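Following the hints, position chain B against chain A.
Protein chains: 2
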Amino acid sequence: MDWIITESNLFSPQDIDRQGNKLLMGNGYIGYRGTLEEFNKDQKTATIVSGLYDKVGDLWREPINLPNGCFVQVIYQGKPLHVLTSKVLEHTQFLDIYHGIHERNTIFETQDGTQITVHSRRFASLANHHLICMGYSISANRECEVDIHTGIDGDVWDINGPHLQTIVPSEKDGIISLSALTHENSVPVAVSESIAFPAGGSQTSLTRMSKARKFAAIREINAVRIQGTLTFHKFIAHFTGLDAPDPVEASRQLCQQAAALGFDALLQEHNALWAQRWADCDIQIEGDAPAEQALRFSMYHLLAIAPMHTEHASIPARGLSGQVYKGAIFWDTEIFMLPFFDYAFPALARNLLLYRYHTLDGARRKASEYGFRGAFYAWESQDAGNDACTLFNITDVFTNRPMRTYFRDKQVHISGDVAYAFWQYYTTTGDGSIWPDGGAEVVFECARFFLSYTYYNLDKHRYEILDVTGPDEYHERVHNNTFTNRLVSHTLDICVQVAAFLQENYPESYKELIDNLGFEQDLKLIAEVAQAIFLPDKIAPGAIIPQFDGYFKLEDVPLKTLLAQKLNPYEYLGGGNGLATTTQILKQGDVVLTLFLFNDLYPLETKLANWEFYEPRTEHGSSLSACSYSLIASQFGKVDWAYKYFMKTATIDLTGEGKQYVGPLYIGGTHPAGNGGAWMSAVFGLCGIRTVGETLTIQPHLPSHWKKVALSLVFRGQKFKITLTSSSITVQLAHHLKSPMSISVGERTYSLPQTGEISIPIG
Amino acid sequence: MDWIITESNLFSPQDIDRQGNKLLMGNGYIGYRGTLEEFNKDQKTATIVSGLYDKVGDLWREPINLPNGCFVQVIYQGKPLHVLTSKVLEHTQFLDIYHGIHERNTIFETQDGTQITVHSRRFASLANHHLICMGYSISANRECEVDIHTGIDGDVWDINGPHLQTIVPSEKDGIISLSALTHENSVPVAVSESIAFPAGGSQTSLTRMSKARKFAAIREINAVRIQGTLTFHKFIAHFTGLDAPDPVEASRQLCQQAAALGFDALLQEHNALWAQRWADCDIQIEGDAPAEQALRFSMYHLLAIAPMHTEHASIPARGLSGQVYKGAIFWDTEIFMLPFFDYAFPALARNLLLYRYHTLDGARRKASEYGFRGAFYAWESQDAGNDACTLFNITDVFTNRPMRTYFRDKQVHISGDVAYAFWQYYTTTGDGSIWPDGGAEVVFECARFFLSYTYYNLDKHRYEILDVTGPDEYHERVHNNTFTNRLVSHTLDICVQVAAFLQENYPESYKELIDNLGFEQDLKLIAEVAQAIFLPDKIAPGAIIPQFDGYFKLEDVPLKTLLAQKLNPYEYLGGGNGLATTTQILKQGDVVLTLFLFNDLYPLETKLANWEFYEPRTEHGSSLSACSYSLIASQFGKVDWAYKYFMKTATIDLTGEGKQYVGPLYIGGTHPAGNGGAWMSAVFGLCGIRTVGETLTIQPHLPSHWKKVALSLVFRGQKFKITLTSSSITVQLAHHLKSPMSISVGERTYSLPQTGEISIPIG
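Protein chains in written order, with our numbering: chain A, 1 to 763; chain B, 1 to 763.
Extracted from the complex, chain A is given alone in its bound form (with noise of 0.2 Å):
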């Protein structure tokens, strides 16, 4: 029971937003939100489509909310059964996370007693992205007849919109089709619906298409006859002219398609492929079935979104969960997703890494645009990769008025964390062929940039990195962030590197893109740069890390103190007048990020100091946040921390307790950083798994009640169960081992056997 995730409550709006994340169902290509089949805008119904965005007038631009094809209302002597106006006996909606699929039951019980249930079960297909199947029934306690309008609903929640004009509905051989344009640039969008009754029905001649409703494609089927239960199945298909170059006909024939093959066939297919994904990712906790569960539906909502279908399109910041954060890729997918995918999803993360090269030409415009050279990634990354962070991101709660901020301008850091995810995706795939395929064109750029963007500081014979933001955005406009200094320079020494293996490897490849970029000489400066960057970390063990120049000059004040300051519940602690941006309060791991993702640079009592010193003074104002504390924690022992902040994390979507408005901003949705830092926690963290070179380190902390770990990983092409216990370390071969690989436990180093399994004794 626990891969179905339960919801029995839905009566307050806030639950149907907290359940229409948390209840998602996707498969990369559309998102669509846990709400129920009669629900409309005002309920946050949403299919989001990846990759496709759209602008109106001066708002943001945000992707596209496609018609609503799911949408079925029953209506009972002509007034609707709804969840939120109807008499309810009883109600629960399911998300089974091991196949991806959303039921739904309630009981309703009508003005004249009569109790009528209905069922629903849908999911977004793996087998064909473009698709959506859902089964519907309708049982009553006595006979009786119901209508039911089915069909697309063009009328959709756009936080800026509207994005669709031009909503044409049709009918074509019994298939139902609403079309429409996007505002920005016209692209075509289509949604198609084919309805399965049950065979020997009379209910079809009754359907007709419905006047009611504007940009709608309603069928109007009345006088259905309930008499046991009634089953019908939908198969809605979803095109744009990104994919097709007649959305139209496109979904036309995939319904037609999908009603031959029929919902049992589709969903068994369907199955299959969500089962094979478990296989190559699943971890088992004995002991702890909350945390288990947690960190499934945490992977299974990373799995629901990730673009397996295109290289052209990358996970946003709020998934496919609405138009949030303008449906844009942060540097959440390097840094806090990418790991899930190079260790279990290889395929999947060359995907997302390739989306970076496909927008090079747009971090070049950015670069540019502020009068450097080489690729500046965007803060808000969309399909082209412009950005879509505005200069004024938030608004002044004393004032109304719009606040400047420096997401877009300074967070050079994002450049370096796309580089750092090329690296770490090589060096844990061994995929080489990911530098003449783009990875290193991309990494060459970033490191031009960086090139670009240093300046040299005669006095202390120094490179500095100034006026940037780090990860704590409470502090804007700093100079040597701790953090960005050494994704800088880490870009720069894998520069070098990578172009000494593109050299090697593939001569030609090297040969065009130096001679294309005219990076020859750049090259030779980056090389020189790199010998010479300021490394604010580079001090006595222990000592505590400055987050940035004079970050201990701030005021030192306690987070209570500070918190209990605010005159708004909603002011903003950063930005120009922010209660934090004068003190040492920062709103995420920043160096102690640092920390974990250079792991190797700092002895343990470095990382012990400065978690300590730094934990306290962390408002955790960010989802991405507490993973780093619980990576760090671990590490030096600290359990219990380890344990707390990997929960919190891991249940961050089961509990949907993070903050949902800012003002009247919606800014809910999914985090899908947060459910990449539980996989995070669980494995490097808890588990101690990590990689160097061709070796395997294993040091586990598992809270004293997990009994055992299982989980399963690919690393270098090779695939493993592990099996941890407080008494041994066992790691099973999937398959041949290919080529030599090691294990490191503690101070010792084991080859790993050619095939079979290999059991190291521990504690």
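All clues given are correct.
Chain copies aren't distinguished; within one or between two, either way the pair holds.
Simulated pairs of lysine-lysine, DSS-like, Cα-Cα distance not exceeding 27 Å:
1) K553 with K55
2) K719 with K707
3) K460 with K524
Bear in mind the hints are in silico, worked out from the structure with no lab data behind them.
As the structure is a computational prediction, the values presented were derived from the model and not from experiment.
Structure of chain B alone, referenced to chain A:
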């Protein structure tokens, strides 16, 4: 009568504040506000002493207000005669700016209908800067008796006090004294007073020390018969522990000496010295009495507060008119006031400059505090050159929280201003001895500071000045502020020139200084860096110079529109979230001030284009602003604008229309930078007099109603009287020409005669 400033109103508290400033008298050691003898701290009486500061707890450090020795209260039938509480038939105050004498004349009508006239006359002696002398007369329209309370009131006005403690009254040989200790450093201060009643009067026998007032030494002289006019004189001596080991004793002795000399002799001596001053600097403007008076008034105020007695003090931003702005010395002195002294009173200019030499260690400490080398002069400098500016120097009106500002941290241009002022003094006076006497050390250390502040941009092959605030404080923390970059470049350039001059003319001083400072290597680097400083004003003639990197990308909003957005009349337009911060609106001349300071670098079309671009964008939120707009407008013949801005700066303390309060905080006082700006606008601007090398260049742009201007100045030791009309320029030598000099008018250059005058027809 133009020399007499007359005020006949004083009945609102606002008038009292304004007249306190406007009618101030002073001698550079003491500033005494233009208040009445019966006033106390509630009416902001103040005897501000130059160069002595005090700090109480965490409050702002500010100048000492000495006990008020001018206190006189006449009492009739038990009721004090007081302009604010008595019936006043007539009241006038006068300031004789030719002699620096304050007078008042008031006719009171008592409850029984007696008309009592009090008249006083006082001056802060130019012959002895510790001394204030006063004559006080009482007459009545019928014989009567009054009581007179007079003496020293130690219960003084303080903004961040009380600064005086252990206040002890004493009396010896008929001289009363009040001594006290300052709070912070227990510096002793004392004020003594001797009084001279008409010979043969019986009143002195009635004198007794009053116990009615706390913190005071007051004589109660009762039952004084008024028959005709009774006149008595007070001699008040002021000393601090910085002047004398025993201030009480020193002040008593001075009182004795003064009383022995008598009021008339002291007045004569004082008047002669003021007359000499005017002979050296007066400007006559035929055809514009208001402008002439305003300009003389401006010069009077500069002279009244210039430290003639010491090179250890300079002129604070609010002069000696109170404790506003912490009594601190800003760049105002170097850039806006010094030119007047350079061209009229080189010895005073030298004192002002050497103050910077004597506070060099403070500037070194500040540089070191921020991680730099050399001298980073204080934004708000006091006795030791420490920076009195706080990091939170403004209060946010919306939250009532202190607002982080960067005046202290980022206005690095002040070191450039100081160096610039030394160089201007040297080129104007020809006094090369300033270099071995401290000037070289100051310039070297300023250049060294910039050397350590500068960063090299590898990509653009240039040195840049990052993260600074220029004169326009609404835009903090900008990069490559043209004004700052120019001053840095200038500082580095003159450092090299001063080093060469010193080496040639004072080789021993040179060697000693270079060795002491360990400057050899830095001097080489300075010469190198000076060649490659980025100068954003090196652009095509007529192009608009960017105020700083990215300035043109800011919102281009009309000033009126911006001001209309204010939600609170006192809201600060700069700072983190200020309305102007994200727009092109500037507080005060920045590029336009650069055009003035580096006048010879820019063609006229560049000046015109930039003036026209920046003028409508300037809020003139600082009294420093108007003069630069006047100065540049003169050059391209916008004489109406030049005159408008000249009058604005020249009348700033006459009208007293400047801001007096920010919230509850009094920020009023005199505006010596505005006074200096008036002189520059008139002489450099409208009269078009500039000096380059050994050449006097004159290109007048006189307003059409100025029939004739005659002015005196001194240039390289040579005194001139220059007379301008619409048809001729006449230069009259005050003494035999010491070395060859020329005068350039339009395209032509004329050698000056050895003696006599030269008259050049123009127009």
